[in-house]
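K.L.:
Sequence:
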Amino acid sequence: MSNYLDTTLDVYKEAALTPDVGLCCTTNPIWELPGLKIPKIMQEMNYGCGSTVHARDLTNSPKMLYVGVGGGMELLQFAYFNRKKHGVVGIDMVDEMLEASHNNFKEAEAMNPWFKSEFVNLKKGNALNLPVEDNSIDVAAQNCLFNIFKTDDLKKAISEMYRVLKPHGRLVMSDPTCEQPMNDTLRNDERLRALCLSGSLPIVEYVKMLTDAGFGTIEIRARKPYRILDPKHYPTDELIYIESIEVAAIKDPIPADGPCIFTGKAAIYFGDDDYFDDKAGHVLLKNQPLAICDKTANALASLNRDDIFISESTFHYDGGGCC
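Just so you know, the sequence shown maps onto residues 534 to 856 in my numbering.
If you're looking for bench data, these hints aren't it; they were derived computationally from the structure. Glycine included, every Cβ here is placed at the ideal spot set by N, Cα and C. The reader is advised that the hints may include incorrect statements.
[Claimed, not checked] Quick list of simulated restraints, FRET-style, between CB atoms: (1) Asn721 to Lys699: 36 to 42 angstroms; (2) His619 to Val737: 36 to 42 angstroms; (3) Ala588 to Ser835: 33 to 39 angstroms; (4) Asn636 to Glu738: 35 to 41 angstroms; (5) Glu632 to Asp810: 54 to 60 angstroms; (6) Asp810 to Lys573: 52 to 58 angstroms.
[Stated by the list, open to error] Simulated crosslink set (EDC-like; lysine to aspartate or glutamate; CA at most 16 angstroms straight-line): (7) Lys699 to Asp671; (8) Lys757 to Glu712; (9) Lys546 to Asp628.
Produce the complete structure using the sequences and hints provided.
P.N.:
Written as structure tokens, this is what we have:
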């Protein structure tokens, strides 16, 4: 294992032994679902930058995989939707984090009559070589982990997730991103990378990593402020703004004309007819916004019509629409 990943193991060993509330800072509220109570220690060990738990991904008791277990909070949330023995698999390289998560599940059992620790199968394993069978997972997730990896390792981690997912399964992720260039000092600082700061990629590069791995549909579900790297506290001459994004990558075949990437664009037809049909699978009802992928947005724009409005990317996509 390369040195920078050794540093990452050390950082999260410390975070397991002594919970660090400020290690990551998600702006997501804690899920409040009927009958679900989350132990305080899990909340304190929520080392993520967003959420990977979305009810619409979790229908029909899917088989779930979570890589980088943290304190077990999202594993508990996933188990809420499954409630089967080993219905959720949690993988981590850090022994201390696995032990902490196991102990936290005991506390969760006492607070939640429906929950049993056996619902979650904790395994020691590496994101770069997952101890999981091919095509066996419906929903895989990681929160603020993949941005730590350098390019070759990131490609391997994504390809591993792709391998274990069933056809049409989905990889749900939350990671920091940054549109500004970072200097080599920041990029090569092993601790800053482990802290989910200096490994952040621009969104376009992040998405390309996913489509290069074979994912045919990409949904950018949220884009939020995350952190600031300023010259007073970090080795940079300029203020650097980091955001977090929540993304779902679906193991659909890539269409002949390229992947479908949803960045929150919509089309609105406001012409004289009841609807507009582009004869390519997209029907726009009059005065009703339709979520569209970027590829469809470009195709509609190329028609040069004066009765179709196409919005800019909102970087918020919540399903529906067409591609």
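K.L.:
Would you mind marking each hint as holding or not holding in the structure?
P.N.:
Now for the hints, and whether the structure bears them out:
no.: 1; hint: Asn721 to Lys699: 36 to 42 angstroms; verdict: holds (38 angstroms)
no.: 2; hint: His619 to Val737: 36 to 42 angstroms; verdict: holds (38 angstroms)
no.: 3; hint: Ala588 to Ser835: 33 to 39 angstroms; verdict: holds (37 angstroms)
no.: 4; hint: Asn636 to Glu738: 35 to 41 angstroms; verdict: holds (38 angstroms)
no.: 5; hint: Glu632 to Asp810: 54 to 60 angstroms; verdict: holds (59 angstroms)
no.: 6; hint: Asp810 to Lys573: 52 to 58 angstroms; verdict: holds (55 angstroms)
no.: 7; hint: Lys699 to Asp671; verdict: holds (6 angstroms)
no.: 8; hint: Lys757 to Glu712; verdict: holds (13 angstroms)
no.: 9; hint: Lys546 to Asp628; verdict: holds (8 angstroms)
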